[in-house]
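Undergrad: Each protein sequence line maps, in turn, to chains A and B. Going by my numbering, the first residue of the first sequence is number 1, and it counts up by one from there. Going by my numbering, the first residue of the second sequence is number 1, and it counts up by one from there.
Treat the hints with care, since some could be wrong.
Claimed, not checked - Restricting the straight-line Cα-Cα distance to at most 30 Å, the calculated cross-link-like pairs of lysine-lysine (DSS-like) are: (1) K165(B) - K128(A); (2) K4(B) - K79(B); (3) K132(A) - K158(A); (4) K196(A) - K181(B); (5) K165(B) - K79(B); (6) K4(B) - K34(B); (7) K181(B) - K236(B); (8) K33(A) - K132(A); (9) K54(A) - K132(A); (10) K12(B) - K196(A); (11) K79(B) - K23(A); (12) K128(A) - K54(A); (13) K33(A) - K224(B); (14) K181(B) - K158(A); (15) K66(A) - K23(A); (16) K66(A) - K236(B); (17) K12(B) - K158(A); (18) K4(B) - K181(B); (19) K128(A) - K12(B); (20) K34(A) - K34(B); (21) K71(A) - K4(A); (22) K12(B) - K181(B); (23) K33(A) - K7(A); (24) K158(A) - K71(A); (25) K158(A) - K165(B); (26) K181(B) - K165(B); (27) K7(A) - K34(A).
The hints are simulated quantities; they were obtained by calculation from the structure and are not laboratory data. Computed from a prediction, not measured in an experiment: that's the story for all the values here.
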Amino acid sequence: MEIKGIKDGILVNLENQAWQDVKDDLIEQIEEKKDFFLGARLILDVGNNVLRAKELGELRDVLADKGVVLKGISSLSIVTQETAQLLGLTAKVHQGKKKSRNKMKPLDTVLAGESAVMIHRTMRSGFKVAYKGHVVVLGDVNPGAEIIASGCVVVWGKLRGTVHAGAEGDEEAVVCALDLSPMQLRIATRVATTPKRDGEPQPEIAHIKENQITAEPWQY
Amino acid sequence: MTGKVVTITSGKGGVGKTTTTANLGIALASLGYKVVCIDTDIGLRNLDVVLGLENRIVYDLVDVVEGQCRLAQAMIRDKRFHELFLIPAAQTRDKTAIAPSDMVRLCDSLRDEVDWIVIDSPAGIERGFRNALAPADNVLVITNPEVSAVRDADRIIGLVESEEKGPINLIINRINTTMVKNGDMVSADDVVELLAVPLIGLVPEDEAVLVSTNHGQPVVLNEKSKAGRAFLNIAKRLNGEEVPWLALDEKKGILNRLGKFISGGD
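Using the sequences provided together with the hints, build the complete structure.
TA: Structural data, given as structure tokens:
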């Protein structure tokens, strides 16, 4: 990966390497050279990578957490260019090569979605996730682990730790799990604990109903 | 000879790390291996007492790391097994006296000379634990069938995993057979289910452990003790031997289910 300073900020050329690899590399680089990147305005040349709003939005959030402003995306892919435009991340490096083509508005069936993080592992005691958005865990959340999300929390496994959904006050946030037995469950400003239960656990969803947190079996 | 480093840890104090280290060291030596036990609990050393070698300490771990003595000078030979050695911790210093890199270097220089290096970790998750973990090839996490010990074991396993050390195996120590029978104790099944790491040992609660600890004669030397036999089995399993599980008079079926979990977990 090539990093150089230009007039508008720092230009990082990721060339045509696979997005997942190169993204992690970039974050690692930024962590290593914190001082250099802190407060920097970053322009990313992603080559031929096809990136959608979810990926770019996620990157922007991760970078923002590290004090780096993602200012622009430059790409050869038209999809990526459109995504970047949508997110207001425009930059002009590859523009000379851009092909002109007939613009036709696509039918409005592509959902933008909302930002979420995915944790594909069991969260053991002492592990914590705090995220502005939704949190999805594919694994168990053990007692002593903590999830704080401004949105919803979905656990595909046993939820036994502490969880706070709608941490910024969203009362519509929900928490669901295959086995919903959290140490403590918070939604917005309400708090609940898990009552003693018998029998096999079943998937449940917890939300605020008539001013208190209620868990109900998952209907499918 | 390429020695393997086994680190014994638990997070919580008092669950049996030192007892396990001493017994495992002796068990491995009795199986004919050359073994070094290292006590990394600097400032609160105990392993020398449990092994009954307290009165022979001249040099310790910190002396070796600081170059005050040669490695061989700090290795105390056991009275019973001539292929068993102890490198004791310093009592007058603290955990910051050595760094994880020192432990890696020390163990690397021991690997050519011994079969097994068994490291006793201090309680906690700070420097001492990091020192003990750094050189590990195998990590044995000890817990008791008790909620707080299991919670700490879970935390420790998480930390070991994030250091990418392992394989991790679990030892459940001090299982009280009558309490389990009456349903008054967390069952070994529940512990294994929560921690989700392969089990390598189930050690029953046994008065003989306390008696032998006080005499500096680890319980594994006592053939009549169930706990002693359990420790010997752990040593055998560590060497890849398949050893049937001791009947602990648990509820019927539990051990069968555990057995399934173990074979599935490897």
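Undergrad: For a quick check of understanding: which of the numbered hints are violated here, in increasing order?
TA: 5, 11, 13, 16, 18, 20, 24 and 26
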